[in-house]
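Participant: Here is how the chains run, residue by residue.
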Amino acid sequence: MKLIFKSLKFIAILSLSIAVTASHAQDKQPMIGQPAPSFALKGLDGKNYSLTELRGKYVVIHFAATWCPFCNAEAPNLEQLYKTYNSKGVQVFIVDVKENKELVAKSLKRFNFSFPVLLDEDGSIATKYAPEGLLPDLARDEVPLASNLIINKEGKIMFYSLLNTTNFDAKLTELKQKLDELLASDN
Amino acid sequence: MKYSLLILLSFSILSGTSQPKTEIVKLTVPKICVDQGNSSTIKIGVEVKEGYHIQANQLDDEYLMPTTLTIKADTNIIIGKQVFPQNKKFRLEGSDDYWNVYDGSFDISILFKTKEIIQKGRYNLAATFHYQACDSKSCLSPRTIDFLLTIEVTEQRD
Chain F
1 MKLIFKSLKF IAILSLSIAV TASHAQDKQP MIGQPAPSFA LKGLDGKNYS LTELRGKYVV
61 IHFAATWCPF CNAEAPNLEQ LYKTYNSKGV QVFIVDVKEN KELVAKSLKR FNFSFPVLLD
121 EDGSIATKYA PEGLLPDLAR DEVPLASNLI INKEGKIMFY SLLNTTNFDA KLTELKQKLD
181 ELLASDN
Chain Y
1 MKYSLLILLS FSILSGTSQP KTEIVKLTVP KICVDQGNSS TIKIGVEVKE GYHIQANQLD
61 DEYLMPTTLT IKADTNIIIG KQVFPQNKKF RLEGSDDYWN VYDGSFDISI LFKTKEIIQK
121 GRYNLAATFH YQACDSKSCL SPRTIDFLLT IEVTEQRD
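If you're matching them up, the sequences are chains F and Y in order. Residue numbers are given in the working numbering: position 108 of the first sequence equals residue 108, and the series is strictly consecutive. Residue numbers are given in the working numbering: position 122 of the second sequence equals residue 122, and the series is strictly consecutive.
Since the hints were made in silico from the structure, they are not lab data. Quick caveat, the model's predicted, so the values are computed rather than measured. Hints are supplied without guarantee of correctness; some may be wrong.
Going by beta-carbon spacing under 10 Å, a handful of chain F positions derived as facing chain Y [as the list claims (entries may be wrong)]:
id: 1; residue: L41
id: 2; residue: W67
id: 3; residue: C68
id: 4; residue: P69
id: 5; residue: F70
id: 6; residue: N72
id: 7; residue: K88
id: 8; residue: V90
id: 9; residue: L108
Using C-beta positions, here's what the derived DEER-type ranges look like [stated by the list, open to error]:
id: 10; chain 1: F; residue 1: E132; chain 2: Y; residue 2: D107; range: 54 to 62 Å
id: 11; chain 1: F; residue 1: K109; chain 2: Y; residue 2: R122; range: 22 to 30 Å
id: 12; chain 1: Y; residue 1: G80; chain 2: F; residue 2: D137; range: 50 to 58 Å
id: 13; chain 1: F; residue 1: G56; chain 2: Y; residue 2: Q58; range: 47 to 55 Å
id: 14; chain 1: F; residue 1: S38; chain 2: Y; residue 2: G80; range: 49 to 57 Å
id: 15; chain 1: Y; residue 1: D61; chain 2: F; residue 2: E174; range: 21 to 29 Å
From the three backbone atoms N, C-alpha and C, an ideal C-beta is built for every residue, glycine too.
Please model the complete structure; the sequences and the hints are all you need to start from.
Facilitator: The structure is reproduced here in structure tokens:
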């Protein structure tokens, strides 16, 4: 009887610990494992880009706005990331939220991005990427701003550095670690 | 300065053009008395919600959104220099960049002058406070607070 009680106690503690860890992980990285909301957006280059066309590639998305200091701090590191990982089958995008083409083109010229910058002019795509229930005080299209995501080859979200729940990482250290991990698992 | 004229500044928020979900900034405007043809200072109080900062009026990065205050002048009320407070430096963890910001409570002083020929009565000046706020982990879209400065001018006395 005593042994059964001890076993039950152990299972209860273990379950609680797993639940807490899972909950914490979910807090840190929302929408993990979920299918990434689809989008078809026009780029600054005038071309159309669709997420579904990128199946089979890893996709890194950074939600940005020209006035966003966090985004601007990350910008040079995104370009570096693209240069390092593009040859490994990683596509990088910036999705600019609720700004017009002229402003975005003028502002981002200084970063000389080699990868596409997409225009989510009405904020509808950013809204789709706002995790339900997080940051309820913000407009939904504000929530993903300055966040980075990795979408895997099957179109599922594998990394989501929502700033509300993770530390700001201008150098994209955690994102690169996750990318390396995913790329390594393919080999 | 003679304060025989009463200029009553009343403040009313008309609308937020960018639909703020949460109130980050509160503005307060004191009552001010000034004579016809005299100058005075309006001090608009700004209170930034705890934990947040807003970009300063003078920024090193031209692409960031500075805090601005615009007041539409009346023909007989001249709006002069605006004095913003000394900014603070904010460094985001994980970044080498420093930004000029305001936080807490501060005043913006605006010099203004009424012309001697100004008629007594009430003058409504449209004003706009524009800011962009962040906390240490997220940034909010630029927001605008539109309000009226209602100035009541009474007859000048010696």
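Participant: Indicate, hint by hint, whether the structure satisfies it.
Facilitator: Status of the hints after comparison with the structure:
1. L41: violated, 19 Å
2. W67: holds, 4 Å
3. C68: holds, 5 Å
4. P69: holds, 6 Å
5. F70: Cβ of F70 of chain F sits 6 Å from chain Y, so the hint holds.
6. N72: Holds. Min distance 7 Å.
7. K88: violated, 24 Å
8. V90: violated, 22 Å
9. L108: It holds, given that the least Cβ distance between L108 of chain F and chain Y is near 9 Å, below 10 Å.
10. F:E132 to Y:D107: 54 to 62 Å: violated, 40 Å
11. F:K109 to Y:R122: 22 to 30 Å: This hint is violated: roughly 48 Å between Cβ atoms.
12. Y:G80 to F:D137: 50 to 58 Å: Roughly 37 Å apart at Cβ, these two residues miss the hinted range, so it is violated.
13. F:G56 to Y:Q58: 47 to 55 Å: holds, 49 Å
14. F:S38 to Y:G80: 49 to 57 Å: holds, 54 Å
15. Y:D61 to F:E174: 21 to 29 Å: Roughly 25 Å apart at Cβ, these two residues keep to the hinted range, so it holds.
The structure fails hints 1, 7, 8, 10, 11 and 12 (numbered hints given earlier, in ascending order).
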